[in-house]
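Number of protein chains: 2
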Amino acid sequence: MRAVRLHSLDGPESLVVEEIAVTEPAAGEVLVRLHAAALNHRDLFITRGLYPKIELPVLPGSDGAGEVAALGSGVDGLAVGDAVLMDPMLGWGDDPEMRSPASTILGMPRAGTFAEYVCVPAANVYRKPEHLSMEEAAAIPLGGATAYRALFTKGRLRSGETVLAPGIGGGVQSFVLLFAKRAGARVVVTSSNDEKLARARSLGADVTVNYSTEGWERQVKAAGPIDLAVDSSGGETIARVLGLLRPGGRIVSYGGTHPTATLKMFPLFWNELSLIGSTMGSPNDFHSMLALWTSDLRPAIDRIYALDEILEAMRRMDEAAQFGKIVLRFPKSVDARHRSS
Amino acid sequence: MRAVRLHSLDGPESLVVEEIAVTEPAAGEVLVRLHAAALNHRDLFITRGLYPKIELPVLPGSDGAGEVAALGSGVDGLAVGDAVLMDPMLGWGDDPEMRSPASTILGMPRAGTFAEYVCVPAANVYRKPEHLSMEEAAAIPLGGATAYRALFTKGRLRSGETVLAPGIGGGVQSFVLLFAKRAGARVVVTSSNDEKLARARSLGADVTVNYSTEGWERQVKAAGPIDLAVDSSGGETIARVLGLLRPGGRIVSYGGTHPTATLKMFPLFWNELSLIGSTMGSPNDFHSMLALWTSDLRPAIDRIYALDEILEAMRRMDEAAQFGKIVLRFPKSVDARHRSS
Numbered sequence: 001m002r003a004v005r006l007h008s009l010d011g012p013e014s015l016v017v018e019e020i021a022v023t024e025p026a027a028g029e030v031l032v033r034l035h036a037a038a039l040n041h042r043d044l045f046i047t048r049g050l051y052p053k054i055e056l057p058v059l060p061g062s063d064g065a066g067e068v069a070a071l072g073s074g075v076d077g078l079a080v081g082d083a084v085l086m087d088p089m090l091g092w093g094d095d096p097e098m099r100s101p102a103s104t105i106l107g108m109p110r111a112g113t114f115a116e117y118v119c120v121p122a123a124n125v126y127r128k129p130e131h132l133s134m135e136e137a138a139a140i141p142l143g144g145a146t147a148y149r150a151l152f153t154k155g156r157l158r159s160g161e162t163v164l165a166p167g168i169g170g171g172v173q174s175f176v177l178l179f180a181k182r183a184g185a186r187v188v189v190t191s192s193n194d195e196k197l198a199r200a201r202s203l204g205a206d207v208t209v210n211y212s213t214e215g216w217e218r219q220v221k222a223a224g225p226i227d228l229a230v231d232s233s234g235g236e237t238i239a240r241v242l243g244l245l246r247p248g249g250r251i252v253s254y255g256g257t258h259p260t261a262t263l264k265m266f267p268l269f270w271n272e273l274s275l276i277g278s279t280m281g282s283p284n285d286f287h288s289m290l291a292l293w294t295s296d297l298r299p300a301i302d303r304i305y306a307l308d309e310i311l312e313a314m315r316r317m318d319e320a321a322q323f324g325k326i327v328l329r330f331p332k333s334v335d336a337r338h339r340s341s
Numbered sequence: 001m002r003a004v005r006l007h008s009l010d011g012p013e014s015l016v017v018e019e020i021a022v023t024e025p026a027a028g029e030v031l032v033r034l035h036a037a038a039l040n041h042r043d044l045f046i047t048r049g050l051y052p053k054i055e056l057p058v059l060p061g062s063d064g065a066g067e068v069a070a071l072g073s074g075v076d077g078l079a080v081g082d083a084v085l086m087d088p089m090l091g092w093g094d095d096p097e098m099r100s101p102a103s104t105i106l107g108m109p110r111a112g113t114f115a116e117y118v119c120v121p122a123a124n125v126y127r128k129p130e131h132l133s134m135e136e137a138a139a140i141p142l143g144g145a146t147a148y149r150a151l152f153t154k155g156r157l158r159s160g161e162t163v164l165a166p167g168i169g170g171g172v173q174s175f176v177l178l179f180a181k182r183a184g185a186r187v188v189v190t191s192s193n194d195e196k197l198a199r200a201r202s203l204g205a206d207v208t209v210n211y212s213t214e215g216w217e218r219q220v221k222a223a224g225p226i227d228l229a230v231d232s233s234g235g236e237t238i239a240r241v242l243g244l245l246r247p248g249g250r251i252v253s254y255g256g257t258h259p260t261a262t263l264k265m266f267p268l269f270w271n272e273l274s275l276i277g278s279t280m281g282s283p284n285d286f287h288s289m290l291a292l293w294t295s296d297l298r299p300a301i302d303r304i305y306a307l308d309e310i311l312e313a314m315r316r317m318d319e320a321a322q323f324g325k326i327v328l329r330f331p332k333s334v335d336a337r338h339r340s341s
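Just so you know, the protein sequences line up as chains A and B, in that order.
Residue numbering for the first sequence is 1 to 341, as defined by our numbering.
Residue numbering for the second sequence is 1 to 341, as defined by our numbering.
Next up, chain A with everything else stripped away, as it sits in the complex (with noise of 0.2 Å):
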C-alpha cells in the first residue's frame, strides 16, 4: 500500500510517500481500507520531533473514514465493507476522567492514517455517519473529540451560554463554533483574517471580531459577557481572555502555541475565573461528540488533496491558512492491498 512515513524529524519535508506492506489485523483488531485521512497540528509537530518518545520511521496520522477490509478474529458486530471511522483514542484506561499515562494516540507510534490502510482496535471503530462524505467524517475524530472534551466535559458548557473561540480557523477552533451552536450557544470568535470571519459568520458565529484592529476587547466585551472560552494559543492571549470572562467564567485550553502565560492573580480568585487544561477526549467523549453529527451538521473542509500532495497540505497547516480540516483523499479505483511479503 502507500502510505506517508517519516524518516527524520527534519519537518514536514522530510515526508516521503512510499510503498509498504498492509499489516494483517490481529485478534480484537479491524483492517480500515481508507478513503480519506485528515490533518492535525500533531502530524506537523511530530516531523519537528517535537514529541517525547518518537520511535522512526513514522506513519502519521490520526484521523480517517474508509471501510471495513478485514476482520481480526473475536471481532463482532462489523462486516467487511462498512463504511466507518475511527477513534484515534488508543488505550484510554480505567478512569474515565484522565487518560491512562499509558494511551497514546493513532499515528504515533500505532501506524496511522496517512496510508490506504490502517489497523485499529475494533473499540476504535465507530459507523460513519450516513449524511457525512467519506471526506467530511475523516474530518472530525481528533478535532471533534478535542473540542467537545474542552466545550462540553471540562467547559460544562451550558444552552443560552456566551462561548468565546479566539483564533477561528483551525480545525478544533471550527468544531467548538459548529457544537457550541448545536448546544444553543451564543458564540463570538476572533481572528485577524476578515475571510475566516466571513466563514464563521456563514457556520453561525454570532458577533466576529478582528483582533489585529484597536480596540478588538472591547468589542468583545460590548458583545456581552463571555461565560466560557475554548482556545489553544496560550500566552499573552490566555491571560487577556481571563480579563473578558464574565465572573464565574473559565477559559479552557487544549493546547499553546505559547509556552508561557502570566496571569494576574487577584482577578482570577477575586472573580472566581478558572483556567482548565483539556487534550483529546476519552471514548465517551468521542461517543457522545459523534452523536451530534445529526444531517444537518456538517463539518468545515478547508481543502481535499491527494496523498502524494501531503507536503502542500502540511504547508497550508503550517501557515494557518486554512479555515476547518485539510482533508487527504486516497483514490477509490484502485485495489492497493498488494502485500509485499
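Keep in mind that the hints were calculated from the coordinates and are not lab data.
Even glycine gets a Cβ: it sits at the ideal position worked out from N, Cα and C.
Treat the hints loosely; a few may be bogus.
In the PhoX-like style, the derived pairs of lysine-lysine whose C-alpha atoms are separated by at most 25 Å in a straight line are [to be verified]: (1) A:K181 <-> A:K221; (2) A:K264 <-> B:K264; (3) B:K181 <-> B:K221; (4) A:K264 <-> B:K53; (5) B:K221 <-> B:K264; (6) A:K53 <-> B:K181; (7) B:K53 <-> A:K221; (8) A:K264 <-> A:K221; (9) A:K53 <-> B:K221.
FRET-style restraints, in silico, Cβ to Cβ [what the hints assert, rightly or not]: (10) A:R127 <-> B:P225: 34 to 42 Å; (11) B:V16 <-> A:G224: 34 to 42 Å; (12) B:T260 <-> A:L56: 36 to 44 Å; (13) B:E312 <-> A:G215: 24 to 32 Å; (14) A:L50 <-> B:R303: 52 to 60 Å; (15) B:G11 <-> A:L50: 32 to 40 Å; (16) A:D76 <-> B:T260: 51 to 59 Å; (17) B:E18 <-> A:G184: 51 to 59 Å; (18) B:S103 <-> A:A222: 21 to 29 Å; (19) A:S212 <-> B:E312: 55 to 63 Å.
We have chain A already, so just place chain B on it with the hints.
Frame of chain A, contents of chain B only:
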C-alpha cells in the same frame, strides 16, 4: 458600645478603640452582643486602603459570635439570649454559583464585629455549635466558608484523595487541613516554620515539608501524587504547585500575595490541570461548612486578645506569626449597651 474603628487608611496603627452608639436592628435584622470576634487578612488590607470604595470611618471585622440581644420586626426562630455566630457574606444574590456584584462582606461597608454589638440580617445568623466556645465559634465563619468552598464546591475533593496545603499557618489553611482530614483525604502541608509543621501534625497532617529546605518539591512528590492543592500565595507557588499535581489534578487559589503567576502552558493542557479561583463562600457553602463542626472538631486558635490589644493582634497576623485564628475577646461582665444619644 466600644468599637474598633478606622478613620484613615494608614495601616493598622490608625485603628482606634472608641465609644459609639449601638445600631438598633431594622426589620429583618438581629442585634448580636458579641462575646468574641476574629481577625482576617481582609481587615488588615482595609486598613491599608487595599479595597475599592472604602468609606470612612470603617468598623471592621467579619467574624464574630455572641448572643442575640434584640430582634428587628419580622424575625422568627430566634430569641434574645440565643448563642449565635454570623455568616459574613451579605447579599449573595440569586445565582448559587456566583455572588452578586452587589454582595459585600460584614465589616465594610456594613459595620463589623470589632465591637461589642453588631447588627446583621436574620438570614445570616446561625446557632453556635454547642460544643464550641464563643472564641472558637467566632474563629470559623469567613475562614471556614472560604476553606469549604475552595475544597469542596470548587475543588470537588473526594475521600481518599491527597490534598496539598502550601503555607500552613493562616486561618484558612488551618481549616483546609481540618476539613480535608474530616473528608477522608490525606493532607500534605508546607511551611518554612518547623513549629507550625509540628502543630499541623498534631491536627492530623499526614506529611509535613519545610519549604525552606533544599529539595522540598521532591519531598512533596515523594508523598505521592497531589490531587488537589489549595493555595493563597499565588505567584511562584502556583507555578511550582502545578508541577506537583497528578495528571487531571487541580489547584484552587483563594488569594494571592504575589500579583502575578507565570504558568507553563504545555503541562497545563497536556496533563489536564485546572487552576480555579475561589473566594469567600455562598450561603450554601456556609450552611454545609457549619455542619462539619460535630463534637470532635475544634478550630485552631492561635491567640486571644482583648479589644484594646487590636494593634498587637493585627501585627501578629501581619507578620504571619500565627497558627490558626487570632481572636478578640470581649468582657462578658459589662453591659456595654448604653446609647450615646
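Here's how the hints hold up against the structure:
1. A:K181 <-> A:K221: holds, 19 Å
2. A:K264 <-> B:K264: Answer holds: K264 of chain A to K264 of chain B is near 15 Å, not above 25 Å.
3. B:K181 <-> B:K221: holds, 19 Å
4. A:K264 <-> B:K53: holds, 21 Å
5. B:K221 <-> B:K264: Since the Cα atoms of K221 of chain B and K264 of chain B sit roughly 19 Å apart, the hinted pair holds (cutoff 25 Å).
6. A:K53 <-> B:K181: Given pair K53 of chain A, K181 of chain B is violated - Cα atoms ~40 Å apart, limit 25 Å.
7. B:K53 <-> A:K221: Status holds; Cα separation ~24 Å.
8. A:K264 <-> A:K221: holds, 19 Å
9. A:K53 <-> B:K221: Between K53 of chain A and K221 of chain B the Cα gap is close to 24 Å, so the pair holds against 25 Å.
10. A:R127 <-> B:P225: 34 to 42 Å: holds, 38 Å
11. B:V16 <-> A:G224: 34 to 42 Å: Because 46 Å falls outside the window, the suggested range is violated.
12. B:T260 <-> A:L56: 36 to 44 Å: Taking Cβ atoms as reference, T260 of chain B and L56 of chain A lie about 41 Å apart, which means the hint holds.
13. B:E312 <-> A:G215: 24 to 32 Å: violated, 51 Å
14. A:L50 <-> B:R303: 52 to 60 Å: holds, 55 Å
15. B:G11 <-> A:L50: 32 to 40 Å: violated, 51 Å
16. A:D76 <-> B:T260: 51 to 59 Å: holds, 56 Å
17. B:E18 <-> A:G184: 51 to 59 Å: holds, 57 Å
18. B:S103 <-> A:A222: 21 to 29 Å: The hint (21 to 29 Å, Cβ to Cβ) holds, given that S103 of chain B and A222 of chain A are roughly 26 Å apart.
19. A:S212 <-> B:E312: 55 to 63 Å: holds, 57 Å
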